[in-house]
Structure formats: C-alpha cells, structure tokens
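Peer 1: Residues per chain are reported as follows:
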Amino acid sequence: MGFMPFVFPFAELEVGQHLYWQLGNLRLHGQVFLTSWIVIGALLALVVVGTRKMERDPRGVQNLLEFLWDYIRDLARTQIGEKAYRDWMPFIGTLFLFIFVSNWGGALVPWRLIHLPSGELGAPTADINTTVALALLVSLSYFYAGLSRKGLRYFEYYVHPTPIMLPFKIVEDFTKPLSLSFRLFGNILADELVVAVLVFLVPLVLPVPVMFLGLFTSAIQALIFATLAAYYIGEAVEEHH
Amino acid sequence: MTSLLLFGATEGGLFDFDATLPLMALQVVLLTFILNSLFFRPVGRVVEERESYVTLTRSEAKRKLEEVKSLEDDLKHQLKSARQAAQKLISDAEQDSDKLYREALTLATNEANALREKARKDIDSQRDNAFDQLRADAEKLGDLIVDRLLAAK
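Protein chains in written order, with the numbering used here: chain R, 1 to 241; chain E, 1 to 153.
Calculated from the structure, these hints are not laboratory results. Just so we're clear, the structure is a prediction, and the values are computed from it rather than from any experiment. Just to be clear, a hint being listed does not mean it is correct.
As the list claims (entries may be wrong) - Quick list of the computed label-pair ranges, beta carbon to beta carbon: (1) GLU55/R / ALA61/E: 32 to 38 Å; (2) SER59/E / LEU206/R: 41 to 47 Å; (3) PHE216/R / GLU72/E: 52 to 58 Å; (4) PHE182/R / VAL29/E: 19 to 25 Å; (5) PHE182/R / LEU30/E: 21 to 27 Å; (6) PHE17/E / HIS160/R: 30 to 36 Å; (7) VAL159/R / LEU56/E: 30 to 36 Å; (8) ASP173/R / SER52/E: 39 to 45 Å; (9) SER59/E / GLU55/R: 43 to 49 Å; (10) VAL48/R / THR57/E: 28 to 34 Å.
Don't be surprised by glycine CBs; every beta carbon is placed ideally from N, CA and C.
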C-alpha cells in the first residue's frame, strides 16, 4: 500500500510506519489518536481554564479566548456572509483550532523522545486519514449547508451562470476535498520530513530556521484550511439572483 | 526494514487508509459540539454582551453630552439675560441717583437763592429805613442849625 518516490536510508526516520491498534476488526493508527487526544485535551484545558470565570473586563486566558473567538468570527463572517455565519462558526473554529494546535504541537513538542513500539508520534495532521476525514467533513458540511438553506434549489448552483458549468462544478465536488486533504497532509508531512532530515544531517543551528519556517507553514495551513472550508460553505449558502 | 515497509509491505505506508479516518471524523464532530458549548457559545455571549453594553453606554454618554450641551446653552442664555438685567438695573439706579442729585441740587440752589434774595431785600429795606432815618435826622439837624443861626442873629 505504501508508496514513496525515494527512500531515506536512515533508520531513525520512520515514514509510513504506524502503531496499529486493533478494535474489533477495525485497524487504527494509534499514534495519530494519541497525539490527537493530547491536542484535544490541550484545547479543552485551555477553553475550560479560560471560560471558568468570565467577566466583562477580560483577564488572563479569557483575553486569548476572546481574541481567538473574534478572529474566527471575522474569518467565518467574511467567507460565509452575515446571514449564515453563526451556524457554521463553531465548525470552522474547531477546524482551525484543531489543525493549528495539531500542526504546532507536531512542530514544537519533541515527540521523538517518546519511543513507541512502532511508528512515532507527530502531528495528527501529518496522517492522511486525519486530513481526509477533515476534508470529507467539509464536503458534507457544505452540501448540508446548501441543502438545508436552499432545499433542492441548491443544485441551481451547478448550472449557475450557464449549464456548461455543470461538469466543472461536479468535478469540483471531488477536487475540493482532494486538494484540501492533500495540501494539509503534504505540507505538514513535508515539514516534518525536512526538519528530520536536516536534524539528521546537520544536528546544529541549520534546522532552526527551517523549524521557524515550519511553524509559519503550520499556521498558514490551518488558516488556509479553515478559510477554504468557510468559503465552500459560503459558496453553497450564497443566493444567486 | 523501513524501505520494506514503505514499498512492499501489505500494511503501513503513507497512504494507509483504515478505520482511523471515520473515527477521526467522529472525534472532530464531537470536538465541534464540545467546543461549541464550552467555548463558542459562552465566549460569544460574553463578547456580544460587552458589545451591546458598549453601544448602550456610548449612546447613553452621547445623550448625556447632548443634555450637558443644551444645559450649557441654557445657562449661557440665562447668564446673558441676567447680565443684561443687572446692566439695566445699574443704569436705572445711576439715572435715579442722578435725577435725585439734580433735584436736590436745584432745590438747594433755589432755597439758597430765595434766602439770598430775602437777605438782600432785608438789607435793602433796612438800608432804606436807615437812609430815611438819617435823612430825617439830617433834616431835623439842619432845621436845628438853621433855627440856631436864625436865633443867634
């Protein structure tokens, strides 16, 4: 199943190896779930600490949470529009926060120090299963958003300015999740690989700027994913006249 | 070993889809609902409450400012009219006192004039009397002298 265009001759670099968990007859990538639980736990801890005692004059973590809330609201509002953004803000925000914390967690936490029987811990978003799951959720959401808001008139969108657009719009429904998932997966995995290779080749100084670049890429990828998800939903709920 | 897993093995690899995918999706959906109730809704409520509070306070402040401005205008107006009234009062009083002064002055002058006139008249009449007396005396004396002279002859 696995496939890589070239092979890294380093024993330390484990690409495409997974810690398998067996759940009934389901196979799971354990390392992905472990890190995702840490990410979710960190997010929930932050949220619980920040919202425990909220006041009109914000203090401490509440400031950070309100900043995030405002940022996400602006993102959702500009992409989805004034009418429908409230319904979709939690979803867009969760995507953004989950991807952002996953990416930065993968880049900042020295997971390598924890040894697993097989595979290694890293950003959950560096696993194709996660990114495809997120992208499919986005696809479902924009279909649901369009259908629930406009009913069957949603499909007018496919022939919107002219019926010539029909095949392109149908293809778009497949390319949207594909590009969403592969963009995120590729960027995060590539970043991890570049850092790992550089650390292996030149363990001092040189990887540091690349790590900073990785942090930048990680943040940008979270923003891109959330923005595109919001844009797709906005496109689906938009009224054509 | 690695390369074996990457290429030839039946399991593993970068594009190894399995039950991770639906479970992760489920996890994210759950996270969405949890974050909605723990984060988005409460924080949104606080932020929107604050926004409405700020709008309310701002409009209140604007209203108060308007009130203050109108009060200020009113007071300025009152001050102006009071100043005018005071000015008028002062000038009235000045005119009054001036009139009184003039009246008193003319009264006093008249009185003085009358007194002077009376005094002059008194003097005149006394002088006339004295002249008359003197004339009478002189005539009597003249007569006496004439009589004596005539008698001596």
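Peer 1: A range of 21 to 27 Å was offered for this pair. Does it hold for the Cβ distance of PHE182/R and LEU30/E?
Peer 2: With a Cβ separation near 25 Å, PHE182/R and LEU30/E satisfy 21 to 27 Å, so the hint holds.
Peer 1: For the range 30 to 36 Å, tell me whether the beta carbons of VAL159/R and LEU56/E fit it or not.
Peer 2: 48 Å, violated
Peer 1: Given the range 30 to 36 Å, decide if the beta-carbon distance of PHE17/E to HIS160/R lies inside it.
Peer 2: 34 Å, holds
Peer 1: Between the beta carbons of SER59/E and LEU206/R, is the distance compatible with 41 to 47 Å?
Peer 2: Roughly 59 Å apart at Cβ, these two residues miss the hinted range, so it is violated.
Peer 1: Return holds or violated for the Cβ distance of VAL48/R and THR57/E against the range 28 to 34 Å.
Peer 2: 30 Å, holds
Peer 1: Assuming the hint says 39 to 45 Å, is it satisfied by the Cβ distance from ASP173/R to SER52/E or not?
Peer 2: Roughly 41 Å apart at Cβ, these two residues keep to the hinted range, so it holds.
Peer 1: At the C-beta level, are PHE182/R and VAL29/E separated by a distance inside 19 to 25 Å?
Peer 2: 22 Å, holds
Peer 1: At the C-beta level, are GLU55/R and ALA61/E separated by a distance inside 32 to 38 Å?
Peer 2: At 22 Å between Cβs, range violated.
Peer 1: Take the C-beta atom of SER59/E and the C-beta atom of GLU55/R, compute their distance, and say whether it sits inside 43 to 49 Å.
Peer 2: About 23 Å separates the Cβ atoms of SER59/E and GLU55/R, which means 43 to 49 Å is violated.
Peer 1: Taking the beta carbons of PHE216/R and GLU72/E, is their distance inside 52 to 58 Å?
Peer 2: 56 Å, holds
Checked against the numbered hints above, the structure breaks hints 1, 2, 7 and 9 and satisfies the rest.
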